[in-house]
Amino acid sequence: AQTVTQSQPEMSVQEAETVTLSCTYDTSESDYYLFWYKQPPSRQMILVIRQEAYKQQNATENRFSVNFQKAAKSFSLKISDSQLGDAAMYFCAYRTSETSGSRLTFGEGTQLTVNP
Amino acid sequence: DGGITQSPKYLFRKEGQNVTLSCEQNLNHDAMYWYRQDPGQGLRLIYYSQIVNDFQKGDIAEGYSVSREKKESFPLTVTSAQKNPTAFYLCASSRGTGRDYGYTFGSGTRLTVV
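Chains as they are written, first to last, in our numbering: chain A, 12 to 127; chain B, 1386 to 1499.
Any given hint might turn out to be false.
Said to hold, decoys possible - The following label-pair restraints were derived from C-beta to C-beta distances:
#, chain 1, residue 1, chain 2, residue 2, range
1, B, V1437, A, P52, 42 to 50 Å
2, B, E1400, A, R54, 45 to 53 Å
3, A, N69, B, S1465, 30 to 38 Å
4, B, E1400, A, Q68, 52 to 60 Å
5, B, N1413, A, E26, 15 to 23 Å
6, B, Q1441, A, S41, 33 to 41 Å
7, A, P51, B, V1499, 25 to 33 Å
8, A, E21, B, S1458, 32 to 40 Å
9, B, I1436, A, E26, 41 to 49 Å
What the hints assert, rightly or not - Listed below are several chain A residues computed to face chain B (Cβ distance under 8 Å; list not exhaustive):
#, residue
10, F46
11, Q55
12, M56
13, L58
14, K66
15, E72
16, R74
17, F75
18, A98
19, R114
20, L115
21, F117
22, G118
Hint data in this document are derived by calculation from the structure and do not stem from the laboratory. The beta carbon of each residue, even a glycine, is placed where N, CA and C say it ideally should be.
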């Protein structure tokens, strides 16, 4: 079974600084997608960034970027120039192949606090 | 605007009662999903449906039931067999089942047993 592990239950960062959230996963598949979702206090889930396993280039979306290490099965999220609005729970997620229902499997989440 | 609507936002259930959580989408998405969120456990899959009139059990289906009679609707019933139903429930949809499709989420329903 696929698993996703986020080893940092809580992280904090000073406003305008950079923070990296860790995620590792376990899978026997060779083609898959990885996602980072943000859940602010409103509890609305928001897609932050996604990465295809076949692409070696790391995905970037404005201040958000990933460090994808396929051999190590690692998928960390870097937030640059942190803003107060970045404070949220962040979930790493892995999407399986269609034969498995193509469901998203989530990690336990990392609660990010941004200090002014 | 297209999106997913979950209702109610808050729901209280007495012991032994069945309750139904509503999930409606107007995105014309084929696939729909129900997740349960508990503190420290992330999101766990309850049921999913890839097409109308078909659905599959997820990891924690015991004590829950679903139906998919219309493409737009995927209601979740929490039955009295679910011993610990207090949780936050999220509904999601996806354009297809391809790996590159992310999910669109509803705003959730908080269920509390009283």
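(request) Take the C-beta atom of B/N1413 and the C-beta atom of A/E26, compute their distance, and say whether it sits inside 15 to 23 Å. (result) violated (40 Å)
(request) Using the beta carbons of A/P51 and B/V1499, state whether their distance is inside 25 to 33 Å or not. (result) holds (28 Å)
(request) Hold the hint about A/Q55 up to the distance rule: shortest CB distance to chain B must be less than 8 Å. (result) Interface hint status for A/Q55: holds (5 Å vs cutoff 8 Å).
(message) Against the range 41 to 49 Å, how does the distance between the Cβ atoms of B/I1436 and A/E26 compare: consistent or not?
(response) holds (46 Å)
(message) Range first: 33 to 41 Å. Now tell me if the beta carbons of B/Q1441 and A/S41 are that far apart.
(response) violated (24 Å)
(message) Holds or violated: the hint that A/F75 contacts chain B, with Cβ atoms closer than 8 Å.
(response) violated (14 Å)
(message) Quick check on the hint: A/A98 CB to chain B CB, less than 8 Å?
(response) violated (17 Å)
(request) Look at the Cβ atoms of B/V1437 and A/P52 and judge whether their distance stays inside 42 to 50 Å. (result) Cβ of B/V1437 to Cβ of A/P52: about 35 Å, so the range 42 to 50 Å is violated.
(message) Looking only at beta-carbon atoms, does the pair A/N69, B/S1465 fall within the given range of 30 to 38 Å?
(response) violated (48 Å)
(request) Kindly confirm whether 52 to 60 Å is satisfied by the beta carbon distance between B/E1400 and A/Q68. (result) Since the Cβ atoms of B/E1400 and A/Q68 sit about 54 Å apart, the hinted range of 52 to 60 Å holds.
(message) Using the nearest Cβ pair, does A/R114 come within less than 8 Å of chain B?
(response) With a closest approach of 6 Å, the A/R114 hint holds.
(message) Take the shortest C-beta to C-beta distance between A/R74 and chain B; is it under 8 Å?
(response) violated (19 Å)
The structure does not agree with the numbered hints 1, 2, 3, 5, 6, 14, 15, 16, 17 and 18 stated previously, though it agrees with the rest.
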